[in-house]
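So the sequences go chain by chain: A and B.
Residue 1 is where the first sequence starts when you use this note's numbering, and the numbers rise one by one after that.
Residue 1 is where the second sequence starts when you use this note's numbering, and the numbers rise one by one after that.
Rather than coming from a laboratory, the hints here were simulated on the basis of the structure.
Worth double-checking, as some hints may not be accurate.
To be verified - SDA-like cross-link-like pairs, simulated, lysine to any residue; straight-line CA separation at most 20 angstroms:
id : chain 1 : residue 1 : chain 2 : residue 2
1  : A       : K713      : B       : L276
2  : B       : K729      : A       : V139
3  : B       : K271      : A       : L276
4  : B       : K729      : B       : P530
5  : A       : K271      : B       : L276
6  : A       : K574      : A       : A594
7  : A       : K729      : B       : N238
8  : A       : K729      : B       : V236
9  : B       : K729      : A       : L736
10 : A       : K271      : B       : R275
11 : B       : K524      : B       : V138
12 : A       : K729      : B       : D740
13 : B       : K713      : A       : S726
14 : A       : K729      : B       : R199
Predicted model, so just to flag it, every value in this text is computed and none were measured.
There are 2 protein chains.
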Amino acid sequence: IPAPCVAAISDKLISKGMSAVSSLCVCVSLQMYGRYTQDLGVYAKEEAARLREGSQRRSVSERSRTLDLLEYDKGRCAKCRTQKWMYGGLDSNVFLQYLAWVTYPVVLITFSAGFTQILAPQAVGSGIPEMKTILRGVVLKEYLTFKTFVAKVIGLTCALGSGMPLGKEGPFVHIASLCAALLSKFMSLFGGIYENESRNIEMLAAACAVGVGCCFAAPIGGVLFSIEVTSTFFAVRNYWRGFFAATFSAFIFRVLAVWNRDEETITALFKTRFRLDFPFDLQELPAFAVIGIASGFGGALFVYLNRLIVQFIRKQKAINKFLMKKRLLYPALVTLLVSTLTFPPGFGQFMAGRLTQKESLVTLLDNRTWAKQGIAEEFDYISHSQAWKHPQVNVFVTLVLFIVMKFWMSALATTIPVPCGAFMPVFVIGAAFGRLVGESMAAWFPDGIHTDGTIYPIVPGGYAVVGAAALSGAVTHTVSTAVIVFELTGQISHILPVMIAVILANAVAQSLQPSLYDSIIRIKKLPYLPELGWGHHEYYNIRVEDIMVRDVRYITLNCCYRDLHDVLLTGHLKTLALVESAESMILLGSIERAQLQSLLSQQLGRPRRLEYIRERAAAEKKRLSVVSNPGSEDGSQRANHEVRFQVREATARGAHISRARFSWFFFCWQFFCSVICPLQSSPSSSLLLFYFLQIAEWEEQQLDEQVNFNNCKIDPAPFQLVERTSLHKTHTIFSLLGLDHAYVTSIGRLIGVVSLKELRKAIEGSVTVKGVKVRPPLASFRDSGTSSSENEATELHKLWDRHKSMSLPREHVPSDSDEKSQ
Amino acid sequence: IPAPCVAAISDKLISKGMSAVSSLCVCVSLQMYGRYTQDLGVYAKEEAARLREGSQRRSVSERSRTLDLLEYDKGRCAKCRTQKWMYGGLDSNVFLQYLAWVTYPVVLITFSAGFTQILAPQAVGSGIPEMKTILRGVVLKEYLTFKTFVAKVIGLTCALGSGMPLGKEGPFVHIASLCAALLSKFMSLFGGIYENESRNIEMLAAACAVGVGCCFAAPIGGVLFSIEVTSTFFAVRNYWRGFFAATFSAFIFRVLAVWNRDEETITALFKTRFRLDFPFDLQELPAFAVIGIASGFGGALFVYLNRLIVQFIRKQKAINKFLMKKRLLYPALVTLLVSTLTFPPGFGQFMAGRLTQKESLVTLLDNRTWAKQGIAEEFDYISHSQAWKHPQVNVFVTLVLFIVMKFWMSALATTIPVPCGAFMPVFVIGAAFGRLVGESMAAWFPDGIHTDGTIYPIVPGGYAVVGAAALSGAVTHTVSTAVIVFELTGQISHILPVMIAVILANAVAQSLQPSLYDSIIRIKKLPYLPELGWGHHEYYNIRVEDIMVRDVRYITLNCCYRDLHDVLLTGHLKTLALVESAESMILLGSIERAQLQSLLSQQLGRPRRLEYIRERAAAEKKRLSVVSNPGSEDGSQRANHEVRFQVREATARGAHISRARFSWFFFCWQFFCSVICPLQSSPSSSLLLFYFLQIAEWEEQQLDEQVNFNNCKIDPAPFQLVERTSLHKTHTIFSLLGLDHAYVTSIGRLIGVVSLKELRKAIEGSVTVKGVKVRPPLASFRDSGTSSSENEATELHKLWDRHKSMSLPREHVPSDSDEKSQ
């Protein structure tokens, strides 16, 4: 096929590719949630019929509502049913009930952890931190393999099925990215555009949007969330692609529900039915603001708690040793603890333990008031809501217990090494907190706050929506959770309360803790650049010269291999600077370490050595035969004498042979002993030593040769910064271009280097590394406007003086004109 | 005040500043729409009471609805009332009615155009194109002045009041940015952080979000729209700021409505009441897709039409001359034409001419079906809807006429030189088109499409929402119009149809025409980089070496002033490259043209010339007095002879004196004639000529001196590209960093330069500029992987050879080791 044709076809395919990714994701999602739809269909119909019999009045709207609920029932795939069946069938014996309740999650989580561990340990956790790192330009190839894909999908399915407080948003983002990466790899077989690196990054950015989009059937919120969570700078031209992919994923996700006859038409996933004409009173806004601020603290606490648990387990060496030995013990223990506490006849009865995550969310977003049951509402009670009402215990106590218990359980559960996210658990906790505040408000103002005649009772469900958005926003440091809740509930009437709460929650959480994903990045020590916090003015006052490493490893254009060798032994950076000469320090480019290593090994490598040895051996043999011919005793004596002299000389010369080449010496020794010596009749040890020293001398000669860079790939335009660039701008440039390091130059002269490490340290404020110093706080007093040109002028002056002093033959001789003018 | 205190205070103020900007915007918005609220309040109450009497049943919901509608009535500030009053009071005479209908808009638009023209012509138009350019990093200072602010606010108020099909979104973005810029300027008086350039850009980005946010009370859509419209790469850390600002602006905008007792609580601006349980059928999706595709074509046509009108008026020299003479004639004529055609008793009766833009939108988003009036709906007819129902003409004809007429009217009206946008008119046309499709669908399927027993009639209002989002999205090339309509209507139930339609509309429109704002940028010839279209693979295959200008103007480190002078005469770029020497071409940095000009003027400037002349004059006087003393005749003869000889010599030497300095010669001549000659007793013309030639010689000497760059501000790290960078990557880097030009280097050697102009030409495909050639389409066949290193190696080889041939005294002499090894 001619190349243009392929290009044209692949152009068509890029759009199809996106929707393929989306549908693949949807398939994954359906695989998990719709797997048992078929056999559940019968049950669903029966249940619907039963409910319809019970009340004739609520025909149309109620039916769709029931179907909604049934879908949620079905949503919790096999486990819930099996677990409930086991639990329900064992009515008589509490112990057997407990066993049934506990065994299922433990087995599933253990299997998931084991499977993931064996197949691809990269699949553990959310995947969003890794995607963030990859989209920044850092290559983490093992995170985008087919193995990881399989491990993630199967591991996630099992983990979600266990009923533990785990989410699926992060893993979905990772799965979608895996699809995109595999698709890109597949497409690149056809060549053309798909081989392009930046194209793949664009694909990945769109895939992230798909992941969240098909989780919630939230095309807009999904795109925004994935942007906020994975990008620092977002290309607006990718925006359109993200929306395209996410819309198709959401569309297919919901259309399949219609085709399965679960729904009559496309609707929201967690549809709410709050009243439209008066959604909330203006005077309720302070309560919403309180939810926002409290969620901010709660979100920061959650991130802190999560990190604390991970660090605690890591630090406790005894525990760690034990857990490391039996890798599956930790997941099993955690699952056992959590499922024991939620056991419905036990402690679970006080915290609605028998509800799954989705059921909890549905009941929490309910538009009725729980605390004050006297008011007649148009909708009847849903059976699940009963779980919140304990005969002895107040609903407020149930809610508080639910929030507190779920809070630490979620923080603990997300540390289990299975593919899992934390978004959904946090979302549910937020909804419960919002519901708590809402119920309190409803109890406080039974007739609503509005004073203008008509009674508008307070809607606690609206508070739940606000709380869910605020807490999940605080944990992830995103604002787009607001959009997600609108798309999830299908109602946008609470837009202002939600926005205010989310913004306040973000303000509080961002000033206290990093986001959950950044926290995981730090725990996992991924090469990522932290965000600049807001309100830190010092970033504008710290200059790059304050944080740069001045002791740059460089090679000169006319350096010899010895310099190369020394530089390679000491430095650590992946690339080395190439300068014109050590005096001028004019930066010409950068060379990768691997290139230099191959240069060096070409010069001193085994083939050339062997060649040299053979040459020498042949020459020596010839000489010896010539020498030994005239007179064997005398000749050998003379040769011996000669050798001794040469040895003394060579030893003096080769005294500083580096240790690194000693192994090579021994190899040569053995080579001589085995190959050359048997050929010769009289092998003397001094002669052998002579050979070795000759080889050492040859090596020294080779090292003294000038490096030939001709076959070396040089990056002629590495990124350069000026020494007075502010930390803020440096951060911007590093994140914009996904840089790993940048050279600091002054009028073409290399004066330092800044890498991600220095930048990270400078931003995090813990600047303890050698050679790095941070400006004192008083640096803000410094007048930045005037001094910079002076500094530059001085640097230039030096360069200029050097040029003058070198007095090269130039096209123009200044002294001539000087003479003329006199 | 100590600086840290100021910094701390200003930290507080930055957040306040944002809300100040927002509230200022809100104030502006209220100034326009709420100015006549107070006196209208009474009328509103009466109207509400009257309506309530009319029907007892619809108590709660209807009341808020009525109030909603009244607010829209009030929304059209004084003009509407006055115009309608005039129009209503003159019932008897159609001609007087016509006069009243026409005079008002003409006067207002003429005033607006005149006022803007006189005070600040920069205030004309939308302002979004200018903001896009400014946010890209190009400084357009005159667009952010206080004068522009005043002109924009007053001009916009009048333009909107005229009732012409003009929008306010673009101007609001500009006004908000003006507020932010003025605020920044004010804050920078306190020093500290506010002096920072990038900080101001961040402020502007947030201000753009405020502008749209307070227009529609749409915090989320506003932020997204402003991002899409103004940015190429968006910093996610500004996202949060935008949401913060936009939420406050929307909040204050809507809260003031509550405080004015126009509304009971915070609600959406154009609240819709579509049914929730079954918003649309799955089988209606093709119709929505058709709306999307048609809107895409419509949007492209609108942009094309708008550009065509502008270009037609510019090209027609006769018209142009006439209009230029009388600048206010064009606005007046256009207004006259438009208002004549909408005159209600005339042609306006067939296109709902008596409705204002807001009234049209409210009626179009109505949830009843117009075509089929038999079905009983729960809501009664609103009076405005009657405007669509002509006794003789079908509602379809009215809608078609409305769409067609408003289409060209809007395209024409937005070319009037007043502050105005095009978003709202397009939005209304889109809504009308959607309504048309919806009504057709409703007429086609009177009982709805759903076949499962229950009748769900089609909701044409939902189609109107989809159409509005799709057409406005197509014209502006944005997806976020989808979010805006959700926030505007307060209902999110149509999310999938809206998303699908918007995406399809974007796909069609983007492939046909640039966005309206990009079109205006091209018309106004603002320095902006066009977007890369999608599906153009050639961008990956064109290299920067294909488009760069190879003939770079540079100066060398040891150049003389003559080189400087020559370079300054020929080049055009704002900055010049500084290289080490003409042979090595190693790039050391770049210098601004202004800096070089000041260097040159320092060297050859008036002070130094005058000083030299005075010195010479003094020396000559002394010499002459010495010469004339011994013998006057002989001495004068000898002096004359000497002069003649010197003149000949000097003439030979100074033959190539550039024309540019002739004026200076004449100045010197006059100076001599007037100042020096009267002092001397015997002024001879040959002596004078001698002086001039001596000055010329001095000049030549001065020009031959080596340039001292010590006091010159040099940018030591100008942006460098490699010659094999793809056009795609170059575009990305230019847009990311807001570059104006970049040098192309190869191993430190300057080989070319790429400026915005070359890049723009290369992207737009019209590569005709000298020295620029574009790869043939077959370039995609080229193997890009292997050849690059060869190329680099060759370049390096040259450099290396040069170094060897120069044989400078280095620390290492290669020949030594060569000798040793032999």
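These are the hints, each one checked on the structure:
1. At roughly 64 angstroms between alpha-carbon atoms, A:K713 and B:L276 are farther apart than 20 angstroms, so this suggested pair is violated.
2. Restraint check for B:K729 and A:V139: satisfied, since their Cα atoms lie roughly 18 angstroms apart, inside the 20 angstroms limit.
3. Restraint check for B:K271 and A:L276: the C-alpha separation of about 9 angstroms stays at or below 20 angstroms, so the hint holds.
4. For a cut-off of 20 angstroms, the pair hint linking B:K729 to B:P530 stands: about 14 angstroms separates their Cα positions.
5. Pair hint A:K271 plus B:L276 holds up; C-alpha atoms about 9 angstroms apart against a cutoff of 20 angstroms.
6. A threshold of 20 angstroms between alpha carbons decides the hint, and for A:K574 with A:A594 the separation of about 8 angstroms falls inside it, so the pair holds.
7. A C-alpha spacing of about 14 angstroms is found between A:K729 and B:N238, which places the hinted pair at or below 20 angstroms, so the restraint holds.
8. At roughly 15 angstroms between alpha-carbon atoms, A:K729 and B:V236 fall within 20 angstroms of each other, so this suggested pair holds.
9. With a C-alpha separation of about 13 angstroms, the suggested pair B:K729 and A:L736 falls inside the 20 angstroms cut-off, and the hint holds.
10. The straight-line distance between the Cα atoms of A:K271 and B:R275 is roughly 13 angstroms, inside the 20 angstroms bound, and the hint therefore holds.
11. Between the alpha carbons of B:K524 and B:V138 the distance comes to roughly 14 angstroms, so the proposed pair stays at or under 20 angstroms and holds.
12. For the suggested pair A:K729 and B:D740, the alpha carbons sit about 18 angstroms apart, so the restraint of at most 20 angstroms is met.
13. Only pairs whose Cα atoms come within 20 angstroms are accepted, and B:K713 paired with A:S726 is accepted, the gap being roughly 18 angstroms.
14. Our distance criterion of 20 angstroms between C-alpha atoms is met by A:K729 and B:R199, whose separation comes to about 10 angstroms.
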